[in-house]
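Residue strings, one per chain:
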Amino acid sequence: MSIYLDNAATSWPKHPEMLKAMAGYLEDAGGNPGRSGHSLSAAAARVVFETRSLLARLFGVAVVDQVIFTKNATEALNIVLFGFLLSGDHVLTTSVEHNAVMRPLRHLERSGVEITVIPCDNRGYLDVEDLKKAITPKTKLIAMTHASNVIGTILPIAKAGQIAREAGIRLLVDASQTAGMEDIDMERDCIDALAFTGHKSLGGPQGTGGLALRPDFTIQPLIYGGTGSFSESEIQPDFLPDQLESGTINAIGIAGLGASVSWLLSEGLPRIREHKKNLIRQFIEGASNIPGITLYGSSNPVDNAGVVSLNLNGVVCSELGMVLDQAYGILTRTGLHCAPAAHKTIGTFPQGTVRFSVSAFTTTEEIDITLHALRAIAAASSETE
Amino acid sequence: MNSECGVITFFSSQHAVHAEKVLKEHGFKIEMIPGPKEISPNCGVAIKYDYVLTESVKTLLESCNVSVEAFHSYKLPERKSLLDKIMGR
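Protein sequence lines correspond, in order, to chains A and B. Note that the numbering used here has the first sequence beginning at 127, numbered continuously upward. Note that the numbering used here has the second sequence beginning at 2, numbered continuously upward.
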């Protein structure tokens, strides 16, 4: 039996209700939502609407139509970055971003968008005053992650939102590591655009994700095409969600996502969050006492979104990951985690780290076994030949 | 465990699993391994094979349009690996 600690890549296992909802979708719905008038199309549309409503509730979105489905958070981030920024605009971002933010920005930089990367400290903390100071008359957007996917450190998005609001600029948040765990409220936190993935802490299947937008934030589509609405017109509709949802959506995936979000809401995010933070506390306390182990990021679980990175002295991270897998069945992710900037920030570029990430279903026993394994490996690696 | 082996590195994990499938189907004895640090592949996984078979492995992968980054000759460390120590081998 495996111990799955790679939930920051994708959560596993999934809730049984999610699997049932996906099978149920094909049995009882299964039409193309919004494309036809028949009963199976309407049933599919209802399923999609239900998930949209649940997500709106989860993220404090007042108007349900402002939640757009995409295939992942990367697509949602690209929609905003390419649909909003123009040559000559200035954008602020942080030094712990995933490539889902960095690569589109570096591409846009070549077409005249100016980028300033605000450095975080080596534990991933961001001083929002640095954001404030970097704003220029050309600044249009702050694009930042809610939590590092490498070390889990949570960034102060609400404070960034306040700064953005006062400066009259927009805030785009990458909530890939926090949606379904941390408390996010678009109104309260002054978030203009929230990109989320469905298959991590939200517990849905891969291929689901989305974007929540404030009603006054207009974005040009990246993809144009059929929406099932205004079929007589060859011009893209200008209303949401249709404007940003061309082509048949992943309705079966969205059905699964709806079931898992429904479970999260009934269980209560605070309870799940407390469970995950307790696991992180247990892991950090245990691992920090193992000779040869270096932990990265904050030592305070309150500031951590369920992700810990470490290295063992004298052992390459990929080898440590392989030993954990093959000798103990403990599944982690090694290397650079698609976030070279974050690794440069914490001083682990290019060698990388071994990353452990928990879910709502991870148990304290699993963390105990993992710590025991790390102790045994550390002892074996320090033995002289 | 001190023999020389071959290691194939890849740009993408999709290329690695493509190569694994093709090589296994043709009866090659191979193993997916994490990239040794001296080689450090882009996608995190590499394939270990018998180095003396390099030419036939190359030809086969090429004929099946499998993309590879590079073929390396790799000398396994003389000392016991960490995994061997843990497994008591």
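If you are wondering where the hints come from, they were derived from the structure by calculation, not from laboratory data. Remember, predicted model here, so these are calculated numbers, not experimental data. Misleading hints may appear alongside valid ones.
[Unchecked claim] Straight line, CA to CA, 30 Å or less: simulated DSSO-like cross-link-like pairs of lysine-lysine:
(1) Lys22/B to Lys140/A
(2) Lys86/B to Lys59/B
(3) Lys197/A to Lys285/A
(4) Lys22/B to Lys470/A
(5) Lys285/A to Lys258/A
(6) Lys197/A to Lys266/A
(7) Lys30/B to Lys49/B
(8) Lys76/B to Lys22/B
(9) Lys22/B to Lys197/A
Hints and how they fare:
1. For the suggested pair Lys22/B and Lys140/A, the alpha carbons sit about 28 Å apart, so the restraint of at most 30 Å is met.
2. For the proposed pair Lys86/B and Lys59/B, the alpha carbon gap of about 33 Å is over 30 Å, so the pair is violated.
3. Distance hint between Lys197/A and Lys285/A is fulfilled; the C-alpha atoms sit about 29 Å from each other, no more than 30 Å.
4. A C-alpha spacing of about 36 Å is found between Lys22/B and Lys470/A, which places the hinted pair above 30 Å, so the restraint is violated.
5. For the suggested pair Lys285/A and Lys258/A, the alpha carbons sit about 10 Å apart, so the restraint of at most 30 Å is met.
6. Taking the CA atoms of Lys197/A and Lys266/A, the gap is near 26 Å; set against the 30 Å cutoff, the hint holds.
7. For a cut-off of 30 Å, the pair hint linking Lys30/B to Lys49/B stands: about 9 Å separates their Cα positions.
8. A distance of roughly 25 Å separates the Cα atoms of Lys76/B and Lys22/B; the hinted pair therefore holds under the 30 Å criterion.
9. Pair hint Lys22/B plus Lys197/A holds up; C-alpha atoms about 28 Å apart against a cutoff of 30 Å.
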